[in-house]
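Work out the full structure, taking the sequences as your base and the hints as a guide.
These protein sequence lines are chains E and P, in that order. Numbering of the first sequence is given in this note's numbering, commencing with residue 142 and proceeding in unit increments. Numbering of the second sequence is given in this note's numbering, commencing with residue 8 and proceeding in unit increments.
These are computed hints drawn from the structure, not numbers from a lab. Any given hint could turn out to be false.
Simulated pairs of lysine-lysine, DSBU-like, Cα-Cα distance not exceeding 35 angstroms [claimed, not checked]:
hint : chain 1 : residue 1 : chain 2 : residue 2
1    : E       : Lys503    : P       : Lys62
2    : P       : Lys38     : P       : Lys84
3    : P       : Lys302    : P       : Lys38
4    : P       : Lys38     : E       : Lys503
5    : P       : Lys62     : P       : Lys38
6    : E       : Lys477    : E       : Lys461
7    : P       : Lys86     : E       : Lys503
Here are a few chain P residues that sit away from chain E, every Cβ distance over 12 angstroms (derived from the structure) [said to hold, decoys possible]:
hint : residue
8    : Asn166
9    : Pro281
10   : Met293
11   : Leu337
A few chain E residues facing chain P, derived, Cβ under 10 angstroms [said to hold, decoys possible]:
hint : residue
12   : His241
13   : Ala337
14   : Gly359
15   : Gly385
16   : Arg386
17   : Ser388
18   : Val418
19   : Ile510
20   : Gly512
21   : Asp526
22   : Phe532
Even glycine gets a Cβ: it sits at the ideal position worked out from N, Cα and C.
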Amino acid sequence: MSDDALPGGERRQLAPPIDESGALGWMRKNLFSSWGNGITTVVLIVAVGWILSGFLDWAVFTANFTAASGTECRGGGACWALIREKWRYIFFGSFPYEQHWRPFFAVIAMLAMLITSADRRMWNWRLLVIWGVGSVITFLLMFGQIHIPLSLVLFIALAVGGVGLSLRKAIADTGEMNAYRVLAAIGFVGLALRIAGVLPAWSLAIAPLSYVETSLWGGIPVTIILATYGLAFAFPYGVLLALGRRSNLPLIKGLCVGFIELIRGVPLISLLIMASVMLPLFLPSGTTIDKFLRAQVAVVLFAGAYIAEVIRGGLQSLPKGQFEAADAMGLNYLQKTLLIILPQAIRVVIPPLINTFIGFFKDTSLVLIIGIFDFLNTANQALVDPNWAGFPAEVYLFAAFIYFIFCYSMSRYSKYLEVELNKGTRR
Amino acid sequence: MRNVTMAVAVGLTVAFSATAVTAGAHLDAIKARGNLLCGVGTGTAGFNLANSQGKWVGLNVDVCRAVAAAIFGDAEKVKYVPLTSQQRFTALQSGEVDLLSNNTTVTLTRDTALGFDFTGVTYYDGQGFMVPKKLGLKSAKELNGATVCVAPGTTTELNLADYFRANKMSFKPVVIEKVDEIRAAFFSGRCDVYTTDSSALAATRAANVPAPLTIEDFVILPEIISKEPLGPVVRHGDNQFADIVRWSLYAMLEAEEYGITSKNVDEMMKSDNPTIKRILGVTPGMGKALGLDEKWVYNIIKQVGNYGESFDRNVGMGSPLKIARGQNELWTKGGLQYAPPIR
Numbered sequence: 142m143s144d145d146a147l148p149g150g151e152r153r154q155l156a157p158p159i160d161e162s163g164a165l166g167w168m169r170k171n172l173f174s175s176w177g178n179g180i181t182t183v184v185l186i187v188a189v190g191w192i193l194s195g196f197l198d199w200a201v202f203t204a205n206f207t208a209a210s211g212t213e214c215r216g217g218g219a220c221w222a223l224i225r226e227k228w229r230y231i232f233f234g235s236f237p238y239e240q241h242w243r244p245f246f247a248v249i250a251m252l253a254m255l256i257t258s259a260d261r262r263m264w265n266w267r268l269l270v271i272w273g274v275g276s277v278i279t280f281l282l283m284f285g286q287i288h289i290p291l292s293l294v295l296f297i298a299l300a301v302g303g304v305g306l307s308l309r310k311a312i313a314d315t316g317e318m319n320a321y322r323v324l325a326a327i328g329f330v331g332l333a334l335r336i337a338g339v340l341p342a343w344s345l346a347i348a349p350l351s352y353v354e355t356s357l358w359g360g361i362p363v364t365i366i367l368a369t370y371g372l373a374f375a376f377p378y379g380v381l382l383a384l385g386r387r388s389n390l391p392l393i394k395g396l397c398v399g400f401i402e403l404i405r406g407v408p409l410i411s412l413l414i415m416a417s418v419m420l421p422l423f424l425p426s427g428t429t430i431d432k433f434l435r436a437q438v439a440v441v442l443f444a445g446a447y448i449a450e451v452i453r454g455g456l457q458s459l460p461k462g463q464f465e466a467a468d469a470m471g472l473n474y475l476q477k478t479l480l481i482i483l484p485q486a487i488r489v490v491i492p493p494l495i496n497t498f499i500g501f502f503k504d505t506s507l508v509l510i511i512g513i514f515d516f517l518n519t520a521n522q523a524l525v526d527p528n529w530a531g532f533p534a535e536v537y538l539f540a541a542f543i544y545f546i547f548c549y550s551m552s553r554y555s556k557y558l559e560v561e562l563n564k565g566t567r568r
Numbered sequence: 008m009r010n011v012t013m014a015v016a017v018g019l020t021v022a023f024s025a026t027a028v029t030a031g032a033h034l035d036a037i038k039a040r041g042n043l044l045c046g047v048g049t050g051t052a053g054f055n056l057a058n059s060q061g062k063w064v065g066l067n068v069d070v071c072r073a074v075a076a077a078i079f080g081d082a083e084k085v086k087y088v089p090l091t092s093q094q095r096f097t098a099l100q101s102g103e104v105d106l107l108s109n110n111t112t113v114t115l116t117r118d119t120a121l122g123f124d125f126t127g128v129t130y131y132d133g134q135g136f137m138v139p140k141k142l143g144l145k146s147a148k149e150l151n152g153a154t155v156c157v158a159p160g161t162t163t164e165l166n167l168a169d170y171f172r173a174n175k176m177s178f179k180p181v182v183i184e185k186v187d188e189i190r191a192a193f194f195s196g197r198c199d200v201y202t203t204d205s206s207a208l209a210a211t212r213a214a215n216v217p218a219p220l221t222i223e224d225f226v227i228l229p230e231i232i233s234k235e236p237l238g239p240v241v242r243h244g245d246n247q248f249a250d251i252v253r254w255s256l257y258a259m260l261e262a263e264e265y266g267i268t269s270k271n272v273d274e275m276m277k278s279d280n281p282t283i284k285r286i287l288g289v290t291p292g293m294g295k296a297l298g299l300d301e302k303w304v305y306n307i308i309k310q311v312g313n314y315g316e317s318f319d320r321n322v323g324m325g326s327p328l329k330i331a332r333g334q335n336e337l338w339t340k341g342g343l344q345y346a347p348p349i350r
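Here it is as structure tokens:
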């Protein structure tokens, strides 16, 4: 019995219901629910509109898109003509101008590689194929020529065979195990012969394009290569460091702790300066290690230490029962770690891991202090040209926009990954 | 601290790279490699920067191109290595570059303790004064009582005080740390004068003049009150290569003095003037003395141009920087640029 029902079938007159649905209802509920809220809303709308109109006026309505030089641009709004003139330099740096298609497709290849490997269905042997093919295409386009030494091929055979043997033991059938044995044997014997000097220093040369050395690389490919390969190598390395830090063997534990604390205790800039200023002094005169490679190694070492600590957080969050259960199943250390521990540990630390990745994507721009022209540095360089100088806002907004695209996609991906990987445990 | 670092760096260099170097060792390595490794800065307007096509241009870059033209007969055979000011000396010491051409001031300690040789001066820089044109000033001697914008704690500030004291004038300093803020203060009229190195003044004038005003509204006064001679540097160990770098620059100056330009160099080959014949290798001998092709100067001038052309194109009136020749004028026109005779 409701209160509205009065005797005699009469009903009390009611105010019309407040429309809680639709745009109007939403606004009433969220923006104008009280006098105070209403005033705040109006004030904020006016403020945002005022700022936005000023910005749009500068960025669109009075902006100059077509000027032929910086002097023509002066006085009006934003000088987007500068970006029009300089975008190829900002994206590709000093790479030979008429061959800019090479870094362009290299970037496409790397993005394709990253996007396909973001898909969970690819997380098996396919990932190795994707990265192998993607990397060969990328570096073939960037360098123009690749020399694959025999020793590298042999080493890969040995590594694949060895890992297969220890991991797939008791899981794989005899044929597969035999394949691993053959691979490992070829690799081992070949490397031994190579070291003994029986096999010649043979290398496979793929050289369809003109050679472009790393000192000419610049712009977005440099940023992506430094970040992608820096993190790709730093990740397994960080996992090893994290496992080593939890090891029972005092020597391994000490080394890992020492390394992590040493690297985390110094800024990335100091590592880069060491690699670019001090290292050449220790080498014999005339021998130089490629500057780009030095920077890449510094990024790997640095990122590795940070990733190790993130992974260790994940390892510590696992209950002891997981380790004991794996032991009870009769799994060896490698199988236990790779099949039971790491999948769970890494799932826990995805948000901080992606956070580290995003941080390092931006930190790669520190290489500008050792004269490598990454994306931010080529943007800086566009500012120096006296024909176009004096428009820092435009250039930095443009650079910020590109960085934002990359970093925002990474953060969305981390969100997706969290949902995907927690499907099994979500209540 | 810096001295300690430098001492360590020098010690290490001596310890690790003191292999016996014979005359011509660097030159042979360059010839075998087929290109010149030239260390340039990471971007200074007019002196070294990558243009929209990613090609390096500038006054310092032209020195690299001239040396390549002298050695290989092709000014394009240069590999540019961008270096920051922290890296540049190590890069030269360790052999990462053959030649450093990135606005390095010639000083005694660099010439001696670091194990380098300076091979001439490409640009006589120094502290200058910029004033708004509407003040109608012609000389820094008229600056008595002026308000001066200056960065703190630098030799710039000390030079300024010394100059005004020596000329018995007074000034009111406006000391601001950040360069952007100094510029803003100067252009908004908070001070009458802005003082720093004259090349930096020119770059500021070309890039940072706010909208209604133009580059024409500001003048850089002719007085230069400090010495910042900027020049190319090579490391000890190969005097022949050092000679080639030194005389490549001299050749550009000599060519300007005798009126040889990239446009008229082919006609000049037919000149009767014995000096021009010697310079351009029509009368042989000079190339052989340096261990180069007799057409070395011809190649430099044809492909790079003489000093005046390079100056004009990169920093002078033909460029947005519009720096007057001033001290960088030839000695015959009252400047300091003086090349010993090529004979």
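Next on the checklist: Quick check for students: does the CB of P/Pro281 sit more than 12 angstroms from each CB in chain E?
Outcome noted: holds (41 angstroms)
Item to check | Satisfaction of the E/Ser388 interface hint, Cβ to chain P closer than 10 angstroms | outcome: This hint is violated: E/Ser388 lies away from chain P, its Cβ roughly 36 angstroms from the closest one there, beyond 10 angstroms.
Checklist entry - For the pair supplied as a hint, E/Lys477 and E/Lys461, is the alpha-carbon distance within the 35 angstroms limit? => result holds (13 angstroms)
Next on the checklist: Hint validation: E/Ala337 versus chain P, beta carbon distance must be below 10 angstroms. Holds or violated?
Outcome noted: violated (31 angstroms)
Item to check | Non-interface claim for P/Asn166, where every Cβ of chain E lies beyond 12 angstroms | outcome: Correct as stated: the minimum Cβ-Cβ distance to chain E is 26 angstroms, above 12 angstroms.
Next on the checklist: Tell me if the straight-line CA distance from P/Lys86 to E/Lys503 falls inside 35 angstroms.
Outcome noted: Holds: P/Lys86 and E/Lys503 sit about 28 angstroms apart, inside 35 angstroms.
Next on the checklist: Tell me if the interface restraint on E/Phe532 is satisfied: Cβ within less than 10 angstroms of some Cβ in chain P.
Outcome noted: At about 9 angstroms, which falls below the 10 angstroms cut-off, the nearest Cβ of chain P leaves the hint on E/Phe532 intact, so it holds.
Checklist entry - Are all C-beta atoms of chain E more than 12 angstroms from that of P/Leu337? => result holds (24 angstroms)
Item to check | P/Lys38 paired with E/Lys503 [C-alpha distance capped at 35 angstroms] | outcome: Judged against 35 angstroms, a Cα distance of about 40 angstroms means the pair is violated.
Item to check | Evaluation of the interface hint that places E/Gly385 against chain P, nearest CB under 10 angstroms | outcome: violated (32 angstroms)
Checklist entry - Does the structure keep P/Lys38 and P/Lys84 at a Cα separation of 35 angstroms or less? => result holds (11 angstroms)
Checklist entry - Should the interface hint for E/Gly512 be scored as holding, given a Cβ-Cβ cut-off of 10 angstroms against chain P? => result Constraint on E/Gly512 satisfied, holds at 4 angstroms.
In this structure, the earlier hints numbered 4, 13, 15, 16, 17 are contradicted, and the remaining ones agree with it.
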